[in-house]
Structure formats: structure tokens, C-alpha cells
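**Student:** Sequence:
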Amino acid sequence: MQTVICMKWGTRYGPEFVNRMWAAVQRNTARPTRLVCLTDDVTGIDAAVHCHPIPDINLPLDLINTPWRKLTLWQAPLADLSGDVLFLDLDLVITGSLDEMFDFEPGRYCVIENWTQMGQGNGNTSAFRFPVGKYTHIFNDLQDNPNDILSRYRIEQLYISREIDDMVFWPTLWCASFKHTLLPRWPMNFVKAPDLPAETRIVAFTGKPDQDEALRGEWPVKAAWKKLYKHVRPTPWIAEHW
1 MQTVICMKWG TRYGPEFVNR MWAAVQRNTA RPTRLVCLTD DVTGIDAAVH CHPIPDINLP
61 LDLINTPWRK LTLWQAPLAD LSGDVLFLDL DLVITGSLDE MFDFEPGRYC VIENWTQMGQ
121 GNGNTSAFRF PVGKYTHIFN DLQDNPNDIL SRYRIEQLYI SREIDDMVFW PTLWCASFKH
181 TLLPRWPMNF VKAPDLPAET RIVAFTGKPD QDEALRGEWP VKAAWKKLYK HVRPTPWIAE
241 HW
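Oh and the sequence shown: position 103 is 103 in UniProt numbering, straight run, nothing missing.
Some clues are possibly wrong.
[Stated by the list, open to error] When the alpha-carbon atoms are kept at most 20 Å apart in a straight line, the in silico EDC-like pairs for lysine to aspartate or glutamate are as follows: (1) Lys-70 <-> Glu-163; (2) Lys-134 <-> Asp-80; (3) Lys-192 <-> Glu-240; (4) Lys-70 <-> Glu-199; (5) Lys-222 <-> Asp-212; (6) Lys-230 <-> Asp-210; (7) Lys-227 <-> Glu-240; (8) Lys-192 <-> Glu-213; (9) Lys-70 <-> Asp-40; (10) Lys-227 <-> Asp-210; (11) Lys-230 <-> Glu-240; (12) Lys-208 <-> Asp-40; (13) Lys-226 <-> Glu-240; (14) Lys-230 <-> Glu-218; (15) Lys-70 <-> Asp-144; (16) Lys-70 <-> Asp-195; (17) Lys-192 <-> Glu-163; (18) Lys-208 <-> Glu-218; (19) Lys-70 <-> Asp-91; (20) Lys-222 <-> Glu-240.
FYI, nobody ran anything at the bench for these hints, they're computed from the structure.
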């Protein structure tokens, strides 16, 4: 049984994001695969999704609802999980087979090479696979010395990248950033919709726009002047895969 895991807290991403992920996982795996969701609210989540409470973590209140909370995944025991599990953020679209992501470099921490820091050895934790219980120091050290770690690392994915010495990146074509690798460069983004390469398995929608917004061709911005360059055409392939 392959296990995909996600996390949902707060209100930005409703239960429909979990349910869409579950449907996409089923479409894009040929082997028995389950979806586990760690969440603070199970309301509206498909009964076939295995839900568990989000474990406690020692973080300042202003960081508890940030990606630092994902470090709860590095403790052991963790719900009923064991072996290699594939974590996926809710702000992504699965566009290809996930089975090879379970076969790639088994027993190691596999992660996206951060699109904005190529060649610097930094992972992006939108999609990563890890063996439960192997790297518990990631969680334990944060619990024992939160002030020290938070003073040295601005974001959690950089902390992980520096503390795991056998990290390996996914093949580059497998994981794409909607904004950083698929969106046509200005000014072509005003006239051309983003294409989806055939090799892509994961498309991450970090920041804005979210999946539904990009599908409609909307890019919410607070400052009006940013509309001069932040623009996306309606992107039909999102509806097919999301």
C-alpha cells in the first residue's frame, strides 16, 4: 500500500482541495494507494480519506499556521504511518503518474529542487517523499531548541535542506512551478496560456494564483500597479487534472 499524505489547517483551503487530491491520486496511481490527511477539521472530507489530528509542535503562535507546522511529519511515531510516504501540499495539481515517485531512490528524502534557487542545494517542500522515523532529529531538535533554529533559518525547507546530508532531488521535469517554470515570461503571459509538459507529474501553485484562480485566468493582487505584469490567461488543462 502506497501512502500519500497532506495537511489541512485553517480556512484558506477547504475540504474540496483534499477531495480533489484524493480523486487525482486515484487517477494517477496503478497500485493500491491511500491518502492520509492530518487536519484540524474533518468536515466535508471524503470518508475514504484517512484523517488524523495534526500532532502538536512547539512553535511561536505567529508561526503555528505557517509551513513550519509541516515539521510535525518528522516525528515518530506518526499516526499509523511507516516506510516511505509521499507528502503533497494542497496548492498543487497532480498531472502524471505518482508510482515512479515511490520507486525513485527508496529510503531517502526526495524533494523538489527549489525553482528560484537552482544549484544552491535547497529543496522545495511542496512535494517530498521521506521514510517515516529516519530523520526524527529534524523534529526533535526544533522541539528542544526552537529559538536557536528559528533564528538561523528563515523557512522550514531551508532548515531541512541543511540538516539532511543524503537529500536527493526529483528529476527536474517531474515537478513544475506554475509561476516559475510554466507561466510564459512577460509580456507573453498576457497573450499565451501556460503549457503543460508531458513529463510533468506535479504542478505547484505556490503563493498566488491558486489552482481555481489560474483555471479562470485570475491573478489576485492588492497593489493595482502589479497588474502590469502579474497576469495569467485561462488555463484549461487545470480542469482536466485537478
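**Student:** Taking the hints in turn, state whether each one holds.
**Tutor:** Each hint, compared with the structure:
| no. | hint | in the structure |
| --- | --- | --- |
| 1 | Lys-70 <-> Glu-163 | holds (15 Å) |
| 2 | Lys-134 <-> Asp-80 | holds (15 Å) |
| 3 | Lys-192 <-> Glu-240 | holds (18 Å) |
| 4 | Lys-70 <-> Glu-199 | violated (28 Å) |
| 5 | Lys-222 <-> Asp-212 | holds (18 Å) |
| 6 | Lys-230 <-> Asp-210 | holds (13 Å) |
| 7 | Lys-227 <-> Glu-240 | violated (27 Å) |
| 8 | Lys-192 <-> Glu-213 | holds (16 Å) |
| 9 | Lys-70 <-> Asp-40 | holds (13 Å) |
| 10 | Lys-227 <-> Asp-210 | holds (16 Å) |
| 11 | Lys-230 <-> Glu-240 | violated (24 Å) |
| 12 | Lys-208 <-> Asp-40 | violated (24 Å) |
| 13 | Lys-226 <-> Glu-240 | violated (29 Å) |
| 14 | Lys-230 <-> Glu-218 | holds (9 Å) |
| 15 | Lys-70 <-> Asp-144 | holds (17 Å) |
| 16 | Lys-70 <-> Asp-195 | violated (30 Å) |
| 17 | Lys-192 <-> Glu-163 | violated (41 Å) |
| 18 | Lys-208 <-> Glu-218 | holds (9 Å) |
| 19 | Lys-70 <-> Asp-91 | holds (14 Å) |
| 20 | Lys-222 <-> Glu-240 | violated (29 Å) |
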